[in-house]
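Peer 1: Below, each chain spelled out in residue letters.
There are 4 protein chains.
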Amino acid sequence: MLSHEFQKRVRYGETDQMGYLYYGNYAQYYEIGRVEFLRSMGMTYKSLETDYGVMMPVKNMEVRYLRPAAYDELLTIKTYLKDLSEKDIYFYVEIFNEAGKLVNGAKIKLTFIDAKTKKSIPTPKILFDTLQPKN
Amino acid sequence: MLSHEFQKRVRYGETDQMGYLYYGNYAQYYEIGRVEFLRSMGMTYKSLETDYGVMMPVKNMEVRYLRPAAYDELLTIKTYLKDLSEKDIYFYVEIFNEAGKLVNGAKIKLTFIDAKTKKSIPTPKILFDTLQPKN
Amino acid sequence: MLSHEFQKRVRYGETDQMGYLYYGNYAQYYEIGRVEFLRSMGMTYKSLETDYGVMMPVKNMEVRYLRPAAYDELLTIKTYLKDLSEKDIYFYVEIFNEAGKLVNGAKIKLTFIDAKTKKSIPTPKILFDTLQPKN
Amino acid sequence: MLSHEFQKRVRYGETDQMGYLYYGNYAQYYEIGRVEFLRSMGMTYKSLETDYGVMMPVKNMEVRYLRPAAYDELLTIKTYLKDLSEKDIYFYVEIFNEAGKLVNGAKIKLTFIDAKTKKSIPTPKILFDTLQPKN
Numbered sequence: 539m540l541s542h543e544f545q546k547r548v549r550y551g552e553t554d555q556m557g558y559l560y561y562g563n564y565a566q567y568y569e570i571g572r573v574e575f576l577r578s579m580g581m582t583y584k585s586l587e588t589d590y591g592v593m594m595p596v597k598n599m600e601v602r603y604l605r606p607a608a609y610d611e612l613l614t615i616k617t618y619l620k621d622l623s624e625k626d627i628y629f630y631v632e633i634f635n636e637a638g639k640l641v642n643g644a645k646i647k648l649t650f651i652d653a654k655t656k657k658s659i660p661t662p663k664i665l666f667d668t669l670q671p672k673n
Numbered sequence: 539m540l541s542h543e544f545q546k547r548v549r550y551g552e553t554d555q556m557g558y559l560y561y562g563n564y565a566q567y568y569e570i571g572r573v574e575f576l577r578s579m580g581m582t583y584k585s586l587e588t589d590y591g592v593m594m595p596v597k598n599m600e601v602r603y604l605r606p607a608a609y610d611e612l613l614t615i616k617t618y619l620k621d622l623s624e625k626d627i628y629f630y631v632e633i634f635n636e637a638g639k640l641v642n643g644a645k646i647k648l649t650f651i652d653a654k655t656k657k658s659i660p661t662p663k664i665l666f667d668t669l670q671p672k673n
Numbered sequence: 539m540l541s542h543e544f545q546k547r548v549r550y551g552e553t554d555q556m557g558y559l560y561y562g563n564y565a566q567y568y569e570i571g572r573v574e575f576l577r578s579m580g581m582t583y584k585s586l587e588t589d590y591g592v593m594m595p596v597k598n599m600e601v602r603y604l605r606p607a608a609y610d611e612l613l614t615i616k617t618y619l620k621d622l623s624e625k626d627i628y629f630y631v632e633i634f635n636e637a638g639k640l641v642n643g644a645k646i647k648l649t650f651i652d653a654k655t656k657k658s659i660p661t662p663k664i665l666f667d668t669l670q671p672k673n
Numbered sequence: 539m540l541s542h543e544f545q546k547r548v549r550y551g552e553t554d555q556m557g558y559l560y561y562g563n564y565a566q567y568y569e570i571g572r573v574e575f576l577r578s579m580g581m582t583y584k585s586l587e588t589d590y591g592v593m594m595p596v597k598n599m600e601v602r603y604l605r606p607a608a609y610d611e612l613l614t615i616k617t618y619l620k621d622l623s624e625k626d627i628y629f630y631v632e633i634f635n636e637a638g639k640l641v642n643g644a645k646i647k648l649t650f651i652d653a654k655t656k657k658s659i660p661t662p663k664i665l666f667d668t669l670q671p672k673n
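Chains as they are written, first to last, in the numbering used here: chain A, 539 to 673; chain B, 539 to 673; chain C, 539 to 673; chain D, 539 to 673.
Among the clues, some could well be false.
Copies of one chain are not kept apart here, so a pair can be met inside one copy or by any two copies together.
[What the hints assert, rightly or not] Computed list of lysine-lysine pairs in DSS-like fashion (alpha-carbon distance at most 30 Å, straight line):
1) 657 <-> 546
2) 584 <-> 654
3) 639 <-> 654
4) 625 <-> 584
5) 656 <-> 639
No wet-lab data here; the hints were simulated from the structure.
Quick caveat, the model's predicted, so the values are computed rather than measured.
My request is simple: use the sequences and hints to build the entire structure.
Peer 2: Next comes the structure, spelled out in structure tokens:
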């Protein structure tokens, strides 16, 4: 399964008064994970929007919160391409803390819309070409 | 099933360049929904932390994104108490747009920790007392 | 001076581990204040963008942080129209806590751009018409 | 004047429907800038809180928004230590886009409080020691 790792530090503004990364801020980490995954494959999400006129809204998401993440911790976001079908793209994400312990896991499915009409479209060919496992 | 409705307007800073409420910002709506649900039952989450020394971290969450929510729309957050067990509390959330269409649905399970030790604790008695259906 | 009051509660996700409203989140309160000020005058910012093709980016901002704002406090955002000139609009904002104490003060100047070209434009006539003090 | 550069990419969730980095999100960039500035000097803000019991709330801030910052741009945050006095610390921040153009400038003053009592305290000696220009 194709995967990619990216690191991000927990910032003060992302914590809450419980003293940990706020549960709602993990979604930004998933976004960063999949965007950097795509970049590592030679495709930017920006280009997908600008050059190909395609947007990728999230369709559904399942999240498990296993351990808290503390302020200033350097987290590792591991993003796996679970599946690319005719109409959606499916990622698994695992976030690890500095001790290598699993902090959070997520499954996220995104679909495709035409950036102008905002109507559903099938998975763009460029994504199949880009996400082909390289030999 | 006990439930509560609360309204919140989509703010500019909550949208993204797709022109809709950013997918990661829904978690704040769920937080508002359950906190206002508790308040409607006569309990503030603030008091739970301050007076009872109990925190309620989210354990897991499932989200379906059905329709986009536009800037300045007045959304209705409907929060249902699905279950209160010996060790966790389970909410369903439905978010509706101004036309009454379902925008988003979520299932969220939270657990309890001691505010000082940050260790797991059973569901506090005060919550059973508070969330008893009133006759 | 035209002014308007609007209330907003401090949410958990807006606090940080210092236990107070994060300093960066006040800007959202100013946004809410000026948007609700405009609405109270019969104009929505949404309509300004959609119907008049005008956007209002912030040009500069001065902020004083006087007191911390605690979780779950119901803050009062008081927004004053300080000046409306040929090329910008100038707001003062004061945020009060539940005890009526001043928590935060800001001065914010916004300019106007054409929503399509993103080029600077003079203050739209509709704003002068709308923000005329009513007798 | 001591200074430090740090890069951060504009993320999707940080943009708004104007298509640019939301004006309220710059404060997070300033936070990152000063925390990384301190780290480059051998001091973590985390340690200041945890080991020295000192918190640094922002007292005031002046911001100029000069150019918009686009999604996915790699911004350079340049943080200058403008002054360290007996009771506060003063930073200048400049944010540049990929073309080297100045996007945003800020002046930010922070004070010191005791992490436990939340009362004002003078500038901790450790900061004077740390922020001594190294020869």
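Peer 1: Please list, smallest to largest, the hint numbers that this structure does not respect.
Peer 2: Checked against the structure, no hint fails, so every one of them is satisfied.
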